[in-house]
Every structure is written in structure tokens, then in C-alpha cells.
Amino acid sequence: MIDVAHLTKQYGAKTAVDGVSFTVAPGRVTGFLGPNGAGKSTTMRMVLGLDRPTAGHVTVNGRAYRDSPAPLREVGALLEAKALHPGRSARDHLRWLAASNRIPVARVDEVLGVVGLDAVAGTRVGKFSLGMGQRLGIAVALLGDPPVVVLDEPVNGLDPEGIRWVRTLARQLAAEGRTVFVSSHLMSEMALTADHLVVIGRGRILADCSMPDFIAEHAASFVRVRTPQTGPVTDLLRGAGAEVTPVDDELHVQGLDAAAVGELVGDKGLYLHELTLVRSSLEDAFMTLTASSVEYSARTGTDLAGAPR
Amino acid sequence: MTVTAASSTVTLDPRRNVPGTRPGFGSTLHAEWIKFWTVRSTTWSAVMLFVLGAGLTALICATNAEWLASSEADESPGSFVTFGMTFAQITAIVLGTLTVTAEYGTGMIRATLAATPRRGAVLAAKALVLTGTLFVLGTVTAFAGYFAGNWFLDREGVGLALTDDGVLRALFGSGLYMAGLGLLAAAVGLLVRHTAAAVSGVLALVFVVGNMAFLLPGAWGEWTAKLMPGNAGSPIAAPVSFNPELMAPWPGFAVFTAEVVVLLTVGWLVFSRRDA
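Heads up: the sequence lines are chains Z and E, in that order.
Numbered by my numbering, the letters in the first sequence go through residues 1 to 309 in order.
Numbered by my numbering, the letters in the second sequence go through residues 1 to 276 in order.
No wet-lab data here; the hints were simulated from the structure.
The reader is advised that the hints may include incorrect statements.
Claimed, not checked - A short, non-exhaustive set of chain E residues, derived as facing chain Z with CB atoms under 10 Å:
(1) L12
(2) W33
(3) K35
(4) A102
(5) R110
(6) A111
(7) R119
(8) G132
(9) A144
(10) A148
(11) R155
(12) V270
Backbone N, C-alpha and C fix where the C-beta goes; we use that ideal spot for every residue, glycine too.
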């Protein structure tokens, strides 16, 4: 259980996290979603007591992180894949971490096996690929068999097989009753992994709800209608209270479901060429929600060739 | 019958793994010890410290023994039997800096502080591992250099016995001085968090600024020079100092220690408040 209350972090004049409150409950995967620079990593660093909040506070299992007698046994975190010395081997890295929290050394080889790094346990991590570094980071998070797991962008740099592995792992950890808090800037990834979503943009919480609620609320859907009798059909549907928008030779209908549209049109003996329920993707929903809060956005459609030299 | 998500949720005691009492300072020390010896820079620095410290002492004694025995000699053999430690200082400074700045350079400081949030304990453990290692290594190196160099001096009849005035003090003092220098470098590393900046800063302070300070005029200038860390701390590491203007061994080392403590305290204050 992670409790974040009115958390604010300012760096000089810039506010990275702005009065954020939310709860991460056990037994489910909570996705922490936001564009780059939205404040995800800053929030996670404050959860782990690494950065000092400007205001507000955060507790893990009811107490501040730094008050835990053996934090690695309580909270396992993947912060940055490369937060390790390139000259040290994977096993040595896990060994000193284990020693610091009195975790039995046997657990080191156990987690190396879990993340599939046993064959390269003695290799210096400087030679690791991004994906291997990420796996070692996850091994670090699992080292203390912690009831709370915090993963910051765990799928970065992983191949499709690795991504699927992280997804399964996160779900499995949650099924075991653990609190799982996973950040990502990819909605598509969260849609497959998370039960609950906390969406952040420019340091503020934009949404905090279950995945089905998020879909219902933010993923707009409409019924696409194609008919040779555009005029009468539009009038008919509007008469029934629907919102109808003509787009090219289609009609986009909101406020009535496909069955109701079909029945109404059929009763009048009009023709239908197409009747489809269209759901905008979660990615689109996320983009719409965060559009105004993107920190660094590329201007699309600018003529690069015309840039001043 | 449907199984809801809530009913299939397992409840897990959030503290089932957590011991009632803190693992203690011994665990932090153990972790820092593993960290210290599992990177190659430590082994290299230790080897270089020994080679420079003992090797250069032997070399300078071998090439100067005849001159020291002659009537032209205007230096004491006591300035030569720990000569190599002057250069071993460089590796002590590098090693001291790296124990701190390597963590900042790689971002590993976050892993360290996530594992041990009590920053004072982390710093104390680092300091203890560093000074312990440097003291033993510095003392062993000084002894090796003395035995090798003194062999050449003995052949010319100007050798020093271990029981001679200041010899044992200089050999153990070499260990003390190396430990102090390492700690000084670590403190500077805490403040600047950048390997190149910290190493060059401390080397400049000890080797360049310390010597240039002797050019300052008047009594004020003389004392400024005497109190510079390298000038105050180094006399303890030689039976007889080359430079007669330096402070006596123990008072000088006390000044040096005070300077290290002040820097380390400032470093600790910054470290305990700063975002990792």
C-alpha cells in the first residue's frame, strides 16, 4: 500500500509535481501513466525517500520509507536500469544489496534465475544490453521478496518477449497480493497490464480510476452509418435524440447504439450499407487527455527544409 | 457462480519479511566493503599505491645512498626512507574520490540510499572501509619501502634502524596520512560529485597550491603555507622532512585531521539534505 498525499516538488521556479494525491492498493497492478517529463519519476523518487518533497508526504505500508528497518524487504524498486557501476558483476551488485538488508545470499542466485540472468551473473554489467540491465533492475526489485513493487518504465529497452515477460510478472506479483506500481508513457502497454490507472500530466493528476472506467469515460465511441439516403436517415436519427455528424459520405452517430440505429432505419424501410460500432483507441484517449500537458512536443508538419540556416 | 476479482485477491502481510529490528551498522559496513572490493579501480589503486610507495622509496635510496654517505650530503637519510609515499598520495586521493563520485557518476547512489536510507550510516561505513584499507595499505607499503630502501642505505653505512628516532612513527604515520588524504578526497567528492573535478581539485590543493603558498610574503604567508592540508599532514609520514619550514609531525597531523573533519562535516551536511 502506497499513500501519496498532497505531494509537491519544486526545482527552483519549476514545479515538477504539483499537489498530487493518490493511493496504490495491494492485489492489483496500478499503472502510472503520463508523457515524458510529467513527474512520474520524481514522484517515484519521493516514494523511496530519495528526493525530499517540497510539501506533502508519502507513506509505504503506513510509514515513511526511510523509517523502514529493512526497506528492500518491504519495497522493491526498479528506478533506472543503469543505476549501477559498469565494472561490477550482476551477482556482486545483488550481493552488496543483499548484505545491506541482511537478505540471505542464496536469494541472489534465486532472483538471477527468475529474471533469466544466471548465465551472465559473473559478467560486468557494463557489457549488458539495455534489456539485460532492465532485467537486472527487476532482479534488484525482487531481491527482498517485497510486498510492494515499484517499477519505473520497466519495459524500456526490452524486446517483445521481454515486454510480455514483464507484463506477466507484474500480473503475477499482483495476484500474489502484492502492491504493484508500474509507470509508463505508453498507454497501449498499460492497457494490457494495469487494473487501475493514475494518469499524470505536468505534475497534476488527470485521472485516477479503474481501467474499465477509464475506457468508458475517455475512449469515445460512435456508430458509423453508411446509407445512400443520407438526408432522411440523418433526420430520422436526430428525431430520435441522437447526435449525428456527417463525415465525407458517412454519418457518425452518438447517443444511440448500433442495434437501435438499425431498428429505427429498418422500421422506415430505408437502406443501410454499413453499420459499425467504432471505438477510439486508448492511445487516442490518452493523447486527448494529456494533449495540453505535454512537456516537450514536436511540431508536426513543419517544413524542416525551410528552417533558417 | 462468478468469482469476482476481490474474492480471489490474496492478502499479504506487508511486513511479513521485515525484521523487527534494523539490520544495523554492521550490515551497512558489510555492503560497503563488498562494493569497495568488487570494482577493479580499487585493486588497481591498491597495486599502484604499493608500487609507487615502496618502489620509488627503494629507487631513490639506491640512487642516493652513495651521495648521502659522502661529505657533500646536505639532506638526512631520514627524508629518503619513506620518499615514495609522496607519490603514493596520488592513488590514495584517487581511491578516496572514487568511493564517492563513482556512485554519483553511475546513478548508483540511488540504489545505495534506497537500500540504506540512513545517510549518516552510509557515509560512516564508506569512511570506515576507506580509511581502514588505506591505513593498512599505507603502513604495509611504507614498511616495504623502508626495508627495501634501507638495504641500500645500510650498504653505505647511513641506514636507519626501526628503533631510530621517528622511524616507526613515520611508517605508521604513512598509513595515517594516506587514510586522511583518502577521507579528504572523499569529502571533496561529496561536495562536487564529479570524479575529474574532485581528483584534480585535491591534487592541486595538496601538490600545487600547498607549494606555491610558500611564496606568500610575511608571517601570515608562512603560516598559510604551513597550515595547507598537504603541508600540515605530510611531516608525520617521514622521519625527517625535506622542508624544514613544515610543522612538527604530531601538531601538523592534528591540524590536518581538523581540516579533514571540517570538510567531511560540510560534506555530510550537504549529503544528508540533498536529493539523491
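Status of each hint after checking the structure:
1. L12: With a minimum Cβ separation of about 3 Å from chain Z (threshold 10 Å), the hint on L12 (chain E) holds.
2. W33: 8 Å, holds
3. K35: Interface hint status for K35 (chain E): holds (5 Å vs cutoff 10 Å).
4. A102: 6 Å, holds
5. R110: It holds, given that the least Cβ distance between R110 (chain E) and chain Z is near 5 Å, below 10 Å.
6. A111: 5 Å, holds
7. R119: 9 Å, holds
8. G132: With a minimum Cβ separation of about 17 Å from chain Z (threshold 10 Å), the hint on G132 (chain E) is violated.
9. A144: Since chain Z brings no Cβ nearer than about 27 Å to A144 (chain E), farther than 10 Å, the hint is violated.
10. A148: 32 Å, violated
11. R155: Given a least distance of 44 Å, the restraint on R155 (chain E) is violated.
12. V270: 13 Å, violated
Checked against the numbered hints above, the structure breaks hints 8, 9, 10, 11, 12 and satisfies the rest.
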